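Novice: Residue strings, one per chain:
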Amino acid sequence: MREFLFDPNQPAPLVRAVLSGPKGAFRLRLILDTGAHTTQLSKAAMHCLGFNEDNRTREAYSIGVGGAREKGFEVIVSRFFVLGAKFQDLPVCAFNMKYVEDEGADGLLGWDIVSQLHLEMNGPKGLLKVF
Amino acid sequence: MENRKLTWEQIRSEYDQEWVLLDNCDWPEEGIDPSAGLVRFHSKDRAEFDRLLGTLAPGFDSAIVFVGQPERNSRVVTTRGYSRVEFGN
Numbered sequence: 001m002r003e004f005l006f007d008p009n010q011p012a013p014l015v016r017a018v019l020s021g022p023k024g025a026f027r028l029r030l031i032l033d034t035g036a037h038t039t040q041l042s043k044a045a046m047h048c049l050g051f052n053e054d055n056r057t058r059e060a061y062s063i064g065v066g067g068a069r070e071k072g073f074e075v076i077v078s079r080f081f082v083l084g085a086k087f088q089d090l091p092v093c094a095f096n097m098k099y100v101e102d103e104g105a106d107g108l109l110g111w112d113i114v115s116q117l118h119l120e121m122n123g124p125k126g127l128l129k130v131f
Numbered sequence: 001m002e003n004r005k006l007t008w009e010q011i012r013s014e015y016d017q018e019w020v021l022l023d024n025c026d027w028p029e030e031g032i033d034p035s036a037g038l039v040r041f042h043s044k045d046r047a048e049f050d051r052l053l054g055t056l057a058p059g060f061d062s063a064i065v066f067v068g069q070p071e072r073n074s075r076v077v078t079t080r081g082y083s084r085v086e087f088g089n
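Those protein sequence lines, which keep their order, are chains A and B.
Take 1 as the starting number for the first sequence in our numbering and just add one per residue.
Take 1 as the starting number for the second sequence in our numbering and just add one per residue.
Because the hints were derived from the structure by calculation, they are not lab data.
None of the values given here were measured: they were computed from a predicted structure.
Treat the hints with care, since some could be wrong.
Here chain B is said to cover these stretches of chain A; the calculated rule only asks that three of the stretch's residues, wherever they fall, bring their Cβ under 8 Å from a Cβ of chain B [unchecked claim]:
1) 40-48
2) 61-70
Rough simulated footprint, nothing fancy, chain B against chain A, three-plus residues with beta-carbon under 8 Å [unchecked claim]:
3) 21-32
4) 112-122
Glycine residues also receive a C-beta, built at the ideal position from the N, C-alpha and C atoms.
Produce the entire structure from the sequences given, and follow the hints as far as they go.
Specialist: What follows is the structure, encoded as structure tokens:
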């Protein structure tokens, strides 16, 4: 079991992730979002990693709870480290995510990853236990 | 760009409410924040920060970090909760 910290005073739980792209590896913060079907990154962060639409495996459309639809794209991230787990060749979608950036993050850690982890969250203590 | 590696406390003191790009960054895997790094560039404006990121040559042990608590507008609540993704060609 490993323990990871988050700030319970933030409006959303942020976790540290490391992603590798054509321009190298970057560490950044993602919102742990069990309601997001897939892991998503802001287009700005994707560009920083060296990905753009030319690298896309397919087009993607994000559909929010109100039905709003936004076009983005999917790329394959060769290495993705988060919460002590390592994922290889992970599909990650890119969208404009100003609302996420406004909360100090660069994307969403979605259910595709969260569902693979055995997690225990202690909100008041800002503690995530990963078994 | 700063030539010296700053501690997170120094970064927080000097760049509060800014986006910073750190190189040679120490960020314990279990931690919320980095513990130290070289500030490569910084901006309060995310659009400007993104523009600078676009000109970036690869660094090493790099991190993108917002420093401090984001300012909260009590009249705005972001609803993430549920989002799905559909794929096209």
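Novice: Check whether three or more residues of the region 61-70 of chain A sit with their beta carbon closer than 8 Å to a beta carbon of chain B.
Specialist: With 5 residues closer than 8 Å to chain B, the region 61-70 of chain A meets the three-residue bar; holds.
Novice: Mind taking a look at whether chain B covers the region 21-32 of chain A? Criterion is 3 or more residues with CB to CB distance under 8 Å.
Specialist: holds (count 8)
Novice: Mind taking a look at whether chain B covers the region 40-48 of chain A? Criterion is 3 or more residues with CB to CB distance under 8 Å.
Specialist: holds (count 5)
Novice: Within the assertion that chain B covers the region 112-122 of chain A, do at least three residues meet a Cβ-to-Cβ distance smaller than 8 Å?
Specialist: violated (count 0)
Checked against the numbered hints given earlier, this structure breaks only hint 4.
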